[in-house]
Amino acid sequence: MNANSTLAKPYSFVLTIIFLSFLLTQSACMNDYKVIDDMNDASFELVNQDSVRVIFPEDFRGQYVVMGFVYTNCPDICPLITQNLIKIQKDLGYPSNVQFLGVSFDPLRDTPEVLHRYKEVFKVDENVNFLTGEPKMVQSFMDSVRVRTQESMRTTTDSGKEIYFLNHSDKIMVMNPKGEIIIEYGGSMPSIPTLIVQDLQSLIQ
Amino acid sequence: MNNQRHSFSLVSTRTMPLNLLLLFVSISLGLMLGCTNKLDRPDSALAEQGRLTDSSMAKSEWNIAIEDAWARPTKAGMMSAAYFTMYNVGSVSDSLVQASSNASKDVQIHLSYMNDGIMVMEEQPFVAIQASEQIPFQPGGYHIMIIQPTMDMQEGDSISLSLYFKSGMIIEETIQVGNPAK
Ligand SMILES: [Cu+2]
Chain A
1 MNANSTLAKP YSFVLTIIFL SFLLTQSACM NDYKVIDDMN DASFELVNQD SVRVIFPEDF
61 RGQYVVMGFV YTNCPDICPL ITQNLIKIQK DLGYPSNVQF LGVSFDPLRD TPEVLHRYKE
121 VFKVDENVNF LTGEPKMVQS FMDSVRVRTQ ESMRTTTDSG KEIYFLNHSD KIMVMNPKGE
181 IIIEYGGSMP SIPTLIVQDL QSLIQ
Chain B
1 MNNQRHSFSL VSTRTMPLNL LLLFVSISLG LMLGCTNKLD RPDSALAEQG RLTDSSMAKS
61 EWNIAIEDAW ARPTKAGMMS AAYFTMYNVG SVSDSLVQAS SNASKDVQIH LSYMNDGIMV
121 MEEQPFVAIQ ASEQIPFQPG GYHIMIIQPT MDMQEGDSIS LSLYFKSGMI IEETIQVGNP
181 AK
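Line by line, the protein sequences give chains A and B.
FYI, my numbering numbers position 12 of the first sequence as 12, with every residue one higher than the one before it.
FYI, my numbering numbers position 125 of the second sequence as 125, with every residue one higher than the one before it.
Quick caveat, the hints were computed from the structure, so don't treat them as lab data.
Predicted, not measured: the structure shown is a model, and the values here were computed from it.
Just so you know, not all the hints are guaranteed correct.
Dumping the calculated SDA-like pairs for lysine to any residue here, alpha-carbon to alpha-carbon at most 25 angstroms [unchecked claim]:
| no. | chain 1 | residue 1 | chain 2 | residue 2 |
| --- | --- | --- | --- | --- |
| 1 | A | Lys87 | B | Gln176 |
| 2 | B | Lys105 | B | Gly140 |
| 3 | A | Lys90 | B | Ala181 |
| 4 | A | Lys123 | B | Thr150 |
| 5 | B | Lys105 | A | Asp91 |
| 6 | A | Lys136 | B | Gly117 |
| 7 | A | Lys90 | A | Ile182 |
| 8 | B | Lys166 | A | Asp50 |
| 9 | A | Lys87 | B | Pro180 |
| 10 | B | Lys75 | A | Asp50 |
| 11 | A | Lys90 | B | Glu155 |
| 12 | A | Lys87 | B | Gly141 |
| 13 | A | Lys161 | B | Gln98 |
| 14 | A | Lys34 | B | Asp116 |
| 15 | A | Lys90 | A | Pro177 |
| 16 | A | Lys161 | B | Asp116 |
| 17 | B | Lys75 | A | Asp158 |
| 18 | B | Lys75 | A | Gly93 |
| 19 | A | Lys123 | A | Gly93 |
| 20 | B | Lys75 | A | Ile182 |
| 21 | A | Lys123 | B | Gln148 |
| 22 | A | Lys136 | B | Asp68 |
| 23 | B | Lys75 | A | His116 |
| 24 | A | Lys87 | B | Asp68 |
| 25 | B | Lys75 | A | Lys136 |
| 26 | A | Lys87 | B | Thr150 |
| 27 | A | Lys123 | B | Gly178 |
| 28 | B | Lys75 | A | Pro177 |
| 29 | A | Lys161 | B | Ser101 |
| 30 | B | Lys105 | A | Asp158 |
| 31 | B | Lys75 | A | Lys34 |
Listed next, the stretches of chain B that the computed footprint assigns to chain A, with coverage defined by at least 3 CB atoms under 8 angstroms from CB atoms of chain A [what the hints assert, rightly or not]:
| no. | segment |
| --- | --- |
| 32 | 68-78 |
| 33 | 117-126 |
| 34 | 166-177 |
Yeah, the Cβ is synthetic: ideal placement off N, Cα and C, and Gly gets one too.
Let the sequences and hints guide you as you build the complete structure.
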């Protein structure tokens, strides 16, 4: 007898079983929506792109909220997150009972006016709000949703401008009507809108 | 001793039946072919692009071009990025070392990547491209960062993009604003 064929069969059988059980547990996890973060422990005073005061999470209680985290000086990853938010809203058919938020983690540069311009550039629907606020307030908000940022090295450009970028978590989250975050996905990946739309449709129906 | 050495070889041809061996050989052949066939575009479509600045270099050797180039719409003073696929259909490797555009004086070569759960964007001193290699510059990866353009960049506009290589070669193109694939 040769060693390869006698070993291969039970081995591949075990591998198949492991793989199938992995798939089963994965799909089981997808449906029970454990609470990732309860946002009710604190309340955050922020402003939207029109300088209108927004209290989070109180103002959104009773509604599902889809929120992405961005900064407008980011031309590469954050536009993907923004476009994913736009796509989720479109694919859900612009629902009136779901709120969409883009929250800036760069309050020093992302003033309401800048966020307003950013919305225009990306032709964002008026029912999507972009939020910013006092730097300390924004920082504690980001801490509570575990969105991490770190300033990249400051450099001086060829024309003498001092610039810096932010390294940051790449996330889109869903908060339920009770103010609990129940879904958290990578924010910029192209597969994300489909996943979130499926999840929300099964939750809202 | 003999046993220990033997354990390093994944497949022993001596003890393997012929059909398994054939399967193994055909899979490895397929993999090899798949790897060498990196370019799926005809050379002719990419020839004539890329301007010679060094006459001592034969054109048949150096042949790097970009295709499907576009820049992200933005407003003056904000941020944009340019994307394309860079093909090296020539026989020599080179490195992209600098970029420029009429849209801004500050244009940099950047890479976005995930590091320990954090999305990082970093300036790159160069991007090397080997012969027969293609490198995508796409959202979430390599991109040409256009910092605070001096003009609004609206869908349908066009801007200039120049790519400078270590060899002295330059690719100069007019690229459109807005993603054609969208
Ligand atoms: Cu960049």
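Query - Numbered hints the structure breaks, given as an ascending list - result: The structure conflicts with hints 5, 8, 16, 18, 20, 22, 25, 26, 28, 31 and 34, although it agrees with all the remaining ones.
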